[in-house]
Amino acid sequence: MRALVVEDDPDVGPDLVRALTEAGFVVDLTGDGVDAWQKGGVEDYALAVLDLGLPKLDGLSVLRRWRAEGRELPVLILSARGDWTEKVEGIQAGADDYLAKPFAMGELVARARGLVRRRAGLSSPLLEVGRLIIDTARMRVLVDQRPVRLSPLEYRFLDVLAHAPGRVLTAGDIAEQLHGTADAADANAIEALVLRLRRKIGSDIIETRRGFGYTLGGS
Amino acid sequence: MIRDSLRVRLLGGAAVAILVALVLAGIGMAWLFQRHIELREAASLIRDGKLLAGALSLDAQERPVIDSLPTESRYAKAASGLYWQVTNSAGSAHSDSLWDQSLPRPRAADALEWRVEHVRGPFRESLLMVERLIEPAQGSSFVLIQVATSDSALRAAGREFNREMAASLCVLWFFLFAAAYLQVKLGLRPLALVKQHLEQLRRNPAARLPAVYPREIAPLADAINALADAREEDLQRARKRAGDLAHSLKTPLAALAAQTRRAREAGAENALRGVDRALGAIGATLETELARARAAAVRSVGTSHGADIGTLLENIISVVERTERGERIVFEVDIPTELRVPVAAEDLTELLGALVENAVRYAHRRVRISGAAQASASILRVEDDGPGIDQNRSEAVIVRGARLDEAGPGHGLGLAIVNDLVAITGGTIAFGRAGLGGLEVCLRWPASSESEEPVSRPFHWLMRR
Numbered sequence: 011m012r013a014l015v016v017e018d019d020p021d022v023g024p025d026l027v028r029a030l031t032e033a034g035f036v037v038d039l040t041g042d043g044v045d046a047w048q049k050g051g052v053e054d055y056a057l058a059v060l061d062l063g064l065p066k067l068d069g070l071s072v073l074r075r076w077r078a079e080g081r082e083l084p085v086l087i088l089s090a091r092g093d094w095t096e097k098v099e100g101i102q103a104g105a106d107d108y109l110a111k112p113f114a115m116g117e118l119v120a121r122a123r124g125l126v127r128r129r130a131g132l133s134s135p136l137l138e139v140g141r142l143i144i145d146t147a148r149m150r151v152l153v154d155q156r157p158v159r160l161s162p163l164e165y166r167f168l169d170v171l172a173h174a175p176g177r178v179l180t181a182g183d184i185a186e187q188l189h190g191t192a193d194a195a196d197a198n199a200i201e202a203l204v205l206r207l208r209r210k211i212g213s214d215i216i217e218t219r220r221g222f223g224y225t226l227g228g229s
Numbered sequence: 014m015i016r017d018s019l020r021v022r023l024l025g026g027a028a029v030a031i032l033v034a035l036v037l038a039g040i041g042m043a044w045l046f047q048r049h050i051e052l053r054e055a056a057s058l059i060r061d062g063k064l065l066a067g068a069l070s071l072d073a074q075e076r077p078v079i080d081s082l083p084t085e086s087r088y089a090k091a092a093s094g095l096y097w098q099v100t101n102s103a104g105s106a107h108s109d110s111l112w113d114q115s116l117p118r119p120r121a122a123d124a125l126e127w128r129v130e131h132v133r134g135p136f137r138e139s140l141l142m143v144e145r146l147i148e149p150a151q152g153s154s155f156v157l158i159q160v161a162t163s164d165s166a167l168r169a170a171g172r173e174f175n176r177e178m179a180a181s182l183c184v185l186w187f188f189l190f191a192a193a194y195l196q197v198k199l200g201l202r203p204l205a206l207v208k209q210h211l212e213q214l215r216r217n218p219a220a221r222l223p224a225v226y227p228r229e230i231a232p233l234a235d236a237i238n239a240l241a242d243a244r245e246e247d248l249q250r251a252r253k254r255a256g257d258l259a260h261s262l263k264t265p266l267a268a269l270a271a272q273t274r275r276a277r278e279a280g281a282e283n284a285l286r287g288v289d290r291a292l293g294a295i296g297a298t299l300e301t302e303l304a305r306a307r308a309a310a311v312r313s314v315g316t317s318h319g320a321d322i323g324t325l326l327e328n329i330i331s332v333v334e335r336t337e338r339g340e341r342i343v344f345e346v347d348i349p350t351e352l353r354v355p356v357a358a359e360d361l362t363e364l365l366g367a368l369v370e371n372a373v374r375y376a377h378r379r380v381r382i383s384g385a386a387q388a389s390a391s392i393l394r395v396e397d398d399g400p401g402i403d404q405n406r407s408e409a410v411i412v413r414g415a416r417l418d419e420a421g422p423g424h425g426l427g428l429a430i431v432n433d434l435v436a437i438t439g440g441t442i443a444f445g446r447a448g449l450g451g452l453e454v455c456l457r458w459p460a461s462s463e464s465e466e467p468v469s470r471p472f473h474w475l476m477r478r
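If you read the sequences in order, they're chains A and B. Be aware that the first sequence starts at 11, since it is given in our numbering, and climbs by one per residue. Be aware that the second sequence starts at 14, since it is given in our numbering, and climbs by one per residue.
Chain B extracted, bound-state conformation (with noise of 0.2 Å):
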């Protein structure tokens, strides 16, 4: 799971690294509290080790005596838990808490100044004790000075200070990772932008990632954008070679033609009617290559944004308009000006013309073609008051692309044209019965999903969702 997802790997290791971190800071703070009451503790056992001092005196024997007790209550009281003793050679002195017990000899064998330490005391408690040697006067010998204190409060206390701060460490673990996941979130949102774009750049060839990354993502976005111009210029190479077949091929085709023309007048008719068949031919491969590498060419599933779909069609018409059957039609344009359909602005104007030329082809006089721009889908029909389509066989229309009582070169291919485009655009075609009377095509694209936004506009990826 690490390996798939960033955010994940981002979350764990802020999880982890702010666990560790806080739980050294935890052991640490304890050490240093633990520390800090048993230093101002030992600094009261000392305060009262200086009184002793001050009131020790030898006497006859060399004996330690202590001329005034320390006032603390606990001293007098047995087992209280906060003892004295003094020592040395010839005897010792030790408060009434301790009653018949003594306090540990120190580990050290001298100890000119105040030393802190930790021991087992008698009563089986465990002791904080200070202890220093003195010489009460020149010459004599040394006492020792040891003042305990039983510790359990102090560990009590630290062991509650401890429950207290795991507590709170335990929330801030929770609202610092809560500040790392917002943190994730906020740097990662340029990839969803990203992919945003991308797929907008899928859609529109003629698009790029604008530059609104940052600056770590930015060579990402330019090798995208490098690869979409690698891209356009690779459909612009297969459109004009389609183009530059055609002119190589179609001339030399038309001048066979014409070579015919002139051996059939020179009378050499059999041996040219073959000729002749096989020019079709030829003519006929042709134009179904071309017509496929056109259909291939279309890898742009853009919208026809710009494109104003009856604009389109009336260029289409003033073509066709002209033309020796074009010039009986009347024509009758109803497409509502918002309508898109998702066929870039050339393929749809090779789509509705080969389907504008096969209405025509058939017509009496008339031939509507219409759109509407439903919630659910985009729609544009053609429809002819000819003869009509038997609604059997309108599946070999799309089949062979002809119509069925058709021969000669050239027709039809159109509809095969129609057919792969619609197809690759993601739409379907319908036949029937035209209200005008004869044949009706109907071309339906499902309404996208995704935003209709250009891609080059700029936005700023902070106040994007």
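Extracted from the complex, chain A is given alone in its bound form (with noise of 0.2 Å):
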């Protein structure tokens, strides 16, 4: 898998080269915005570790150019600031996730795998139910043509839902595979989840079967 970090600072950059070459990367090393943008443009990668102080084009203006021209890269950010303005906007621009620095290398790599585990770990690339339409390659739902952002989990259970289709799955069920345990908490916190995802995609996406569990209407 191929990753791109860009960073300026001669120190912190070959750093992080080192640490995701050892984690299995193939990485590839860049200093400016303008090199970054072309880069992530025309190459594929499966990551970009992206600074947000660089020189020529600033770290946000990269991303939101990469975001605009379709490319849907898994992308971490890093900044000196650390305040959650910085972090909302990062993520606003199109971010995936955010680290502060000064940061431990352990944990840089484990959320770029998380990144490119959460990405990867999704299969076919279009599943249509009814008027909902999963894009597993971006991540995204459609509700009636229309796109909706969800939450990671958000975007799973409706995954495990979109799997069983005509199937009534209980919250025990949907629980073990978003987590792998299943508990009494669990179910309330499902119960918690679809009352949130109603809110964003309508209610009568996500059916209730009382007693027995949960099913994507109209399948």
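Derived from the structure by calculation, the hints contain no laboratory data. Keep in mind the model is a prediction, meaning the values are calculated, not measured. Using N, Cα and C, we set each Cβ at its ideal position, and we do this for glycine too. Please note: incorrect hints may appear among the correct ones.
Stated by the list, open to error - Here are the in silico distance ranges between beta carbons for each label pair:
| id | chain 1 | residue 1 | chain 2 | residue 2 | range |
| --- | --- | --- | --- | --- | --- |
| 1 | A | R74 | B | G439 | 17 to 25 Å |
| 2 | A | E79 | B | A239 | 40 to 48 Å |
| 3 | B | Q249 | A | G51 | 33 to 41 Å |
| 4 | A | G80 | B | A239 | 46 to 54 Å |
| 5 | A | E117 | B | G323 | 26 to 34 Å |
| 6 | A | A114 | B | A231 | 52 to 60 Å |
What the hints assert, rightly or not - Heads up, simulated DMTMM-like pairs for lysine to aspartate or glutamate below, C-alpha to C-alpha not over 20 Å straight-line:
| id | chain 1 | residue 1 | chain 2 | residue 2 |
| --- | --- | --- | --- | --- |
| 7 | A | K66 | A | D45 |
| 8 | B | K90 | B | D113 |
| 9 | A | K66 | A | E32 |
| 10 | B | K253 | B | D235 |
| 11 | A | K49 | A | E79 |
| 12 | B | K253 | A | E32 |
| 13 | A | K66 | A | D42 |
| 14 | B | K253 | B | E302 |
| 15 | B | K63 | B | E85 |
| 16 | A | K210 | B | E302 |
| 17 | A | K210 | B | E345 |
| 18 | A | K210 | B | E327 |
| 19 | A | K66 | B | D113 |
| 20 | A | K210 | A | E186 |
| 21 | A | K210 | B | D347 |
| 22 | A | K49 | A | D18 |
| 23 | B | K90 | B | D61 |
| 24 | A | K210 | B | E138 |
| 25 | B | K63 | B | E130 |
| 26 | A | K210 | A | D193 |
| 27 | B | K253 | B | E359 |
| 28 | B | K90 | B | E138 |
| 29 | B | K253 | A | D45 |
Assemble the dimeric complex from its two separately framed chains, guided by the hints.
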């Protein structure tokens, strides 16, 4: 898997390259924003680690341009500021994760792996169930052709239901698939998740069968 | 007291000035009235005097004789208060009312025109007298004609006029003072307006005084706006300085960490453990100072108008749910759309970010953020379904800004920021047991008693109270 590291500091950059190489990535390093933008636009990376304070073109602008051009690779942004306003800005610009400097390299590698895993752990590109279209490549759903922004957990919930079309899954089943365990607290959590999802995508996509569980409506 | 109050100064000045003006006016009018009635009386006396002059002749001994007497009955009654007398060097004639007395001689040697005098007369009266010298025939000696009347009636009339006038002037003084009072009230109203605007400016540093003041106050308003501009610049500068500090220090820290890693690989383990510890300490200190600088830049106790708390929370959640821990958590958000807290949007983001992150760290599955807009207070609650906290130890959470079973840099400093921000904006934090089973952090701000109107809305100073 290829990774792009965009960092202009002469010590941190090579260090990132080394750590990610040890983790199994084939890493390209670049030190300025324009070069990063071009590389990201042309090459196929499984992951990008992007510092925000870059010469020539700042990190957020690079990210926004990538997203505008349809480059959907997972991006982990690095920054010195560490305040929530910047974190929110980064996520809104299209980042998938955020790490504040100084960080432990182990933490960064773990997060990088997490990002790739999340993206890879999903099956066929487009799943269509009734009014719902699940775009696994972009981790996005479309309700009546209208894209809806979901959290990873919400997305995986729908993914689980979509992979069992016509079947009713209990809260325990769903929790088991999402978290690997299923206890009483999980069932309540699933209920809360369904409530939140319904607010985002409408109330008739997920049907509740009282006493049994949940299923996707229209399947 | 004069020094402290414009109103007292203005009203005091008005009261005294009006009083002085009215007193002078009163004196003037009294004098004019007296003169007027005296002149009228004198005119009447002169008429009689002319009659006497017309009827005057000299007898064989050159003594003055009046051929036809004035018919006024008072001339016939003794001490009636109305007298006439004609005199020359040979003798005199006078009205019966004089009886055996005579009118005083004139002060001036010659009086060829009618002259009006105030004299003391017989019978202990004060008299108004007209007199002149006339020549009854060519070559004969001059005859002095005098006609006088008691002025007691005139004086009485004068006194009565003065009394009534004084009363009217008093009433007039009250009316004029009331008018002055209203005038001062209207005049000072823009100052009350300035006070109101300043209060709103204090709470929201982005606001400025609107340009609705009278010319005389406009320079003051401009100066205040300039001050507010300078203050906002200071705030921006403080924020920027914190950001610059971060950039200039944290990247070298990361570089140092990279160096130790390299050196460790080359085998210098022991020495590097010490370096790592030192780096950790520097990093922690840096975080603390930055947090303090951020909290200190919060001088704006602004209402979060424009910042919908719900949207802010969704932004924070969108960050947290992408982290390793966050992606396993189900978030519940229950914030009424009309909820407002007296914290500016940027600072509220930091505050809620720190709390949500903390909740996620300990939650099992669920984190709930709720709020309530009560009449007396605005409330925000962050709950998790984790292990919760021992009630006795909740103090330590605020003091050290850390959960007690915690270690590692960066943890808990987020809660130190929460404490600072809540305290500066006048709120309180309380810890308790969440309905979900874990920790509940409850933030509470008492409702503001001031008006919530943003300052930039123009309003007409005449219309407002």
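A quick look at each hint next to the structure:
1. A:R74 x B:G439: 17 to 25 Å: Because 38 Å falls outside the window, the suggested range is violated.
2. A:E79 x B:A239: 40 to 48 Å: This hint holds: roughly 46 Å between Cβ atoms.
3. B:Q249 x A:G51: 33 to 41 Å: The hint (33 to 41 Å, Cβ to Cβ) holds, given that B:Q249 and A:G51 are roughly 35 Å apart.
4. A:G80 x B:A239: 46 to 54 Å: holds, 49 Å
5. A:E117 x B:G323: 26 to 34 Å: The hinted range 26 to 34 Å holds for A:E117 and B:G323, with Cβ atoms some 31 Å apart.
6. A:A114 x B:A231: 52 to 60 Å: holds, 59 Å
7. A:K66 x A:D45: Within the cut-off at roughly 9 Å; holds.
8. B:K90 x B:D113: holds, 13 Å
9. A:K66 x A:E32: Violated. A:K66 to A:E32 sits at ~30 Å, over the 20 Å cutoff.
10. B:K253 x B:D235: Roughly 27 Å between the alpha carbons, so the hint for B:K253 and B:D235 is violated.
11. A:K49 x A:E79: Holds, at roughly 13 Å.
12. B:K253 x A:E32: Measuring from Cα to Cα gives roughly 37 Å; hence the hint is violated.
13. A:K66 x A:D42: Holds, at about 6 Å.
14. B:K253 x B:E302: holds, 14 Å
15. B:K63 x B:E85: holds, 14 Å
16. A:K210 x B:E302: Answer violated: A:K210 to B:E302 is near 40 Å, above 20 Å.
17. A:K210 x B:E345: holds, 12 Å
18. A:K210 x B:E327: holds, 12 Å
19. A:K66 x B:D113: violated, 129 Å
20. A:K210 x A:E186: violated, 23 Å
21. A:K210 x B:D347: This hinted pair holds, its Cα atoms lying about 14 Å apart.
22. A:K49 x A:D18: holds, 15 Å
23. B:K90 x B:D61: This hinted pair holds, its Cα atoms lying about 16 Å apart.
24. A:K210 x B:E138: violated, 112 Å
25. B:K63 x B:E130: Measuring from Cα to Cα gives roughly 17 Å; hence the hint holds.
26. A:K210 x A:D193: violated, 26 Å
27. B:K253 x B:E359: Satisfied, since the Cα-Cα distance of roughly 14 Å is no more than 20 Å.
28. B:K90 x B:E138: holds, 15 Å
29. B:K253 x A:D45: violated, 28 Å
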